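Work out the full structure: start from the sequences and follow the hints.
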Amino acid sequence: MSTITTKDGTEIYYKDWGTGKPLVFHHGWPLSGDDWDAQMMFFLKQGYRVIAHDRRGHGRSTQVAGGHDMDTYAADVAALTEALDLKDAIHIGHSTGGGEAIHYAANLGKGRVAKVVLISAVTPLMVQTENNPDGVPMAIFDEIRQGTAFNRAQYFKDFTVPFYGYNREGAKISQGIQDNWWRQGMMGGVKAQHDGIKAFSETDFTEDLKSVDIPVLVLHGEDDQIVPFPISGAKAFKLLKHGTLISYPGFPHGMPATEADTINKDLLAFIKA
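Residues 1 to 273 in UniProt numbering are what the sequence shown spells out, letter by letter.
Keep in mind that the hints were calculated from the coordinates and are not lab data.
Don't take each hint at face value.
[Unchecked claim] Simulated pairs of lysine-lysine, BS3-like, Cα-Cα distance not exceeding 30 Å:
| id | residue 1 | residue 2 |
| --- | --- | --- |
| 1 | LYS157 | LYS172 |
| 2 | LYS265 | LYS15 |
| 3 | LYS87 | LYS238 |
| 4 | LYS110 | LYS21 |
| 5 | LYS110 | LYS198 |
| 6 | LYS21 | LYS238 |
| 7 | LYS110 | LYS7 |
| 8 | LYS241 | LYS110 |
| 9 | LYS238 | LYS210 |
As the structure is a prediction and not an experimental result, all values here were calculated from the model.
Have a look at this one:
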């Protein structure tokens, strides 16, 4: 397996295929780099170098007890990009991975990042606060914590239904997609996944979004039941200096899997622009 070791001794697993302009993929909670299969294969065939890592505590990376916060996630990405000497890279993040990608680009990736893509991303801030009154109530995240910590196997099976919009009338349900989500989730460490809920729900990415001086593409499904479009993609776009927004009527949170043809086409256009 290909791994790097971070300063605190955590082994971060990664896949690195092909040559050409590097595309770095950041996965969502509680998954792994495998969630990008449909994108990795597509862009590999387009002549790009494609890289996807498993976040600490997720997938095949070390199931460490600590470091499950956005600053450490970004530092792990920095360690990986430095080890692979990635320059002029495009960082593409889904959900939690979108937060990770923009946090890295804004704070540690200067001079290495050409563009960023935020897909169904948790930016700018998910949780409801006094300053973010239309956010998601903390009680929802507490319920996710409880289900993850103490009923993970069944909770993860149930979570795939709204994740992919399979509770919508007329949805074309893929058992394989659901099983693959569950497989990835159960590969990871329960403590990392439990602690990561705070990282994706309570990190405020407002200043990260405002500060990046590179092109950023925001892709979001208008029927996202996990990270609702009005509080995320619609807001994040307005904070960017060089932002482009594409929203998709009816698309779910997990649209890179269910709507891969559309997402890949729009990604390719942005990458080539």
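For a C-alpha distance cap of 30 Å, please report whether LYS87 and LYS238 respect it.
Holds - the C-alpha atoms of LYS238 and LYS87 are around 27 Å apart, at most 30 Å.
Notebook entry, point to check: Do the alpha carbons of LYS110 and LYS21 lie within 30 Å of each other, as the hint requires?
Noted result: Since the Cα atoms of LYS110 and LYS21 sit roughly 17 Å apart, the hinted pair holds (cutoff 30 Å).
Original post:
Would the pair LYS21 and LYS238 pass a check requiring their Cα atoms to be no farther apart than 30 Å?
Top reply: Given that 30 Å is the threshold and the Cα spacing comes to 28 Å, the pair holds.
LYS110 and LYS198: Cα distance at most 30 Å? holds, 26 Å
Has the given pair, LYS157 with LYS172, been kept, meaning a C-alpha gap of at most 30 Å?
OK: LYS157 and LYS172 at ~17 Å, within 30 Å.
TODO: Starting from LYS238, check that the Cα of LYS210 is at most 30 Å away, please.
DONE: Holds. LYS238 to LYS210 sits at ~9 Å (cutoff 30 Å).
ask   = Under the criterion that the straight-line Cα-Cα distance not exceed 30 Å, is the pair LYS110, LYS7 satisfied?
value = Given pair LYS110, LYS7 holds - Cα atoms ~20 Å apart, limit 30 Å.
Hinted pair, alpha-carbon criterion (30 Å max): LYS241, LYS110. Please report holds or violated. With Cα atoms ~16 Å apart, LYS241 and LYS110 stay inside 30 Å; holds.
Exercise. Within a Cα-Cα threshold of 30 Å, do LYS265 and LYS15 meet the stated pairing?
Worked result: Holds: LYS265 and LYS15 sit about 22 Å apart, inside 30 Å.
Figure legend: structure checked against the earlier numbered hints; every hint is met.
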